[in-house]
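Start from the sequences, fold in the hints, and give me the full structure.
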Amino acid sequence: MPAASLEVLGLSAGYGPTVILEDVSFSVPAGGRLSVLGRNGMGKTTLLMALMGLTKRTGGEIRVGGADVTAMNATARAIAGLGLVPQAREVFKSLTVEENLFVGLKERPRSAIAEAYAMFPRLAERRRNLGWQLSGGEQQMLSTARTILGRPSVLLLDEPLEGLAPVICDELMAVLTRLADSGEMTILFVEQRLDSALNFAERVVILERGRIAWTGTSDTLRDDHTLIERYIGVGALH
Amino acid sequence: MSETRPLAASGRRWPRDVIGLAAIALAGGAGYVLFPDSLAFLTRIISIALLVLSLDLLIGYCGIATLGQSALYGAGAYAAGIAAVNGLTDPVALIAVGALAGGVAGLLMGAVLLRAHGLPQLVLSIAFVQLFHEMANKAASITGGSDGLYGIAPGPLFGLFAFDLYGKTAFFAGLGLLLLVFAALSFVVRSPFGMTCRGIKEDPLRIRAMGIGVRPTLIKMFALSGAVAGMGGALGAIATQVVGLDSVSFELSANALVMLVLGGFGSLYGALIGTVIFLGVEHEVSAINPFHWMTLVGVMLIAVVLFAPRGLYGVMTDAVARWRGRP
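Listed in order, the protein sequences are those of chains W and L.
Residue numbers are given in our numbering: position 48 of the first sequence equals residue 48, and the series is strictly consecutive.
The number in our numbering is simply the position in the second sequence, starting from 1, with 1000 added.
Calculated directly from the structure, the hints in this document are not laboratory data.
Any given hint could be a false lead.
[Claimed, not checked] Think about it this way: if two alpha-carbon atoms lie no more than 25 Å apart in a straight line, the pair counts; the simulated DMTMM-like pairs of lysine to aspartate or glutamate are:
#1 Lys-1201/L <-> Glu-107/W
#2 Lys-56/W <-> Glu-1202/L
#3 Lys-56/W <-> Glu-22/W
#4 Lys-106/W <-> Asp-1203/L
#5 Lys-1168/L <-> Glu-1284/L
#6 Lys-106/W <-> Glu-1202/L
#7 Lys-93/W <-> Asp-1090/L
#8 Lys-93/W <-> Asp-1017/L
#9 Lys-56/W <-> Asp-68/W
#10 Lys-1168/L <-> Glu-1251/L
#11 Lys-93/W <-> Asp-68/W
#12 Lys-1138/L <-> Glu-1251/L
#13 Lys-1168/L <-> Glu-1282/L
#14 Lys-56/W <-> Glu-90/W
#15 Lys-1220/L <-> Glu-1202/L
#16 Lys-1220/L <-> Glu-107/W
#17 Lys-1220/L <-> Asp-1037/L
#18 Lys-1138/L <-> Asp-1246/L
#19 Lys-1138/L <-> Asp-1164/L
#20 Lys-93/W <-> Glu-115/W
#21 Lys-1168/L <-> Asp-1037/L
#22 Lys-1201/L <-> Glu-1284/L
#23 Lys-1168/L <-> Asp-1246/L
#24 Lys-93/W <-> Glu-1202/L
#25 Lys-93/W <-> Glu-184/W
#26 Lys-93/W <-> Glu-162/W
#27 Lys-93/W <-> Asp-1318/L
#28 Lys-56/W <-> Glu-1282/L
#29 Lys-56/W <-> Glu-107/W
#30 Lys-106/W <-> Asp-68/W
#31 Lys-56/W <-> Glu-208/W
#32 Lys-1201/L <-> Glu-90/W
#33 Lys-106/W <-> Asp-23/W
This is the structure we're talking about:
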């Protein structure tokens, strides 16, 4: 599936009666990338869940490649091209690495698994291991590779670097950067690590209490320490 | 580019599969040699093993709670029996009729059961088997009702092997069928479809978010499970040449679940082991004390649930793993 644009228009969402996300609007062109920043509890994960149709939407529109996917359920949205790498990784713990990848293949031939091993050679070494036997970094690689194998046109990444060792972060970021450079997927990158988020995408959106508090370029944000301290936290930029 | 090839696609599991099938064939052969006067009982074990395998597909691989599996077994038994008394005598065709009826019943059962989860799903499955039981009871002109369906006279297998009084043909036909079904199911549970089912058991929401329809996948598994159970029922009908209401009873469903838990669910071998042990104990101990043989099964079940939650097959695989791990 080729890369597709993502347009979010006045999106509001929440859990039950609680509204977490309010009137959020942004767009990412096909093959583009956008980083979403914000402190804990500001609605970043809710945004991705709402985009995937995994939480209750109370208003707004979502368009993928110009097509309105707002009324679709999660399965239909995934078929329409959205692919989520969740924050909790959520690998199938009772399946081996290779079996996890099989699930991600959907209709693609089994030989396509080689793409995942080329992306993350460590997964090839661990392919007989069960999901629960993997380290956090390996689980993140598996979760990412499993989603990418499904060839989404828009890839949603929810804090993929959380809790990972620096060397694993570098490995993961190298793969994601290569993928973004290829233009094969539009990538929405939600992250708490400011330096990684700024290096990954030219444009940034900051969420504050469920609303877009600031949007602009990575270079602008990098140079504006007052802005960083206000929305991200003191000492966020190393 | 990595040279790594997918394990399952490279066929490295085939030697293990062949050994497994050879072990089943050997066990069948041993049963034939050791218990030549109990071939009808051995054929019943095979027939029920197909039912328990079909149950394992739903419970062990998909996490679906059901106590109505004998509805699918009974659908196959009655369909094959009714076809036989109406002139269809080819045993292979009768097995196919059983598979088809079981598959259709499985589709129907899946469509109903998948509207609920957990306890309501379990209750629906009980209602389903009770409904089938009552239908079989009331439609006496077709099913024989409480008297059972008689007059099933299968022709020779492949036009060569007549079904004899000692049950030799039925036994070998059953063993062949079991090997075929087991080989096919081994392939299915390791296919991407099988992996998806196991993924659904673990995290259905994640499967949905991956663009895979949970309900259509489970419906397919219900149909497959029904076909396997239906073949078991048809085999039972051919072998005993009678179909009774006990083939579509809640008791049979519950016993099948006990067999699966004993052997270990989520493993095809566990389903076979549980069936052999349960029916073996029933056969031997009930002959000594027909009133209290279930006490022994109850004690075994408590022991397995408390001390070996992965069933007897799990105990065996753990023992082998420990043995291999020795220096």
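Holds or violated: Lys-93/W to Glu-184/W, with C-alpha atoms at most 25 Å apart
violated, 29 Å
Is the straight-line distance between the alpha-carbon of Lys-56/W and that of Asp-68/W 25 Å or less?
Holds, because 17 Å separates the two Cα atoms, which is no more than 25 Å.
Is it true that the CA of Lys-1201/L sits at most 25 Å from the CA of Glu-107/W?
Holds - the C-alpha atoms of Glu-107/W and Lys-1201/L are around 20 Å apart, at most 25 Å.
Decide if the proposed pair is consistent with the structure: Lys-56/W and Glu-22/W, CA atoms, cutoff 25 Å inclusive.
Roughly 12 Å separates the two Cα atoms, so the pair holds.
Hint consistency between Lys-1138/L and Glu-1251/L [alpha-carbon to alpha-carbon, up to 25 Å]
Holds. Lys-1138/L to Glu-1251/L sits at ~19 Å (cutoff 25 Å).
CA of Lys-1201/L to CA of Glu-1284/L, is that 25 Å or under?
Cα-Cα ~36 Å, so violated.
Lys-93/W and Glu-1202/L were given as a pair; does the straight-line alpha-carbon distance stay at or below 25 Å?
Within the cut-off at roughly 8 Å; holds.
Keeping to a limit of 25 Å between CA atoms, is the pair of Lys-56/W and Glu-107/W held or broken?
The given pair, whose Cα atoms are some 29 Å apart, is violated under the 25 Å limit.
If you draw a straight line from the CA of Lys-106/W to the CA of Glu-1202/L, is it 25 Å or shorter?
OK: Lys-106/W and Glu-1202/L at ~17 Å, within 25 Å.
Take the C-alpha atoms of Lys-56/W and Glu-90/W, compute the straight-line distance between them, and say whether it is at most 25 Å.
holds, 21 Å
Need the status of pair Lys-56/W, Glu-208/W: alpha-carbon distance at most 25 Å?
holds, 20 Å
Is Lys-1168/L close enough to Asp-1037/L, meaning Cα to Cα at most 25 Å?
holds, 10 Å
Checked against the numbered hints above, the structure violates hints 7, 10, 11, 17, 19, 22, 25, 28, 29 and 33; every other hint is satisfied.
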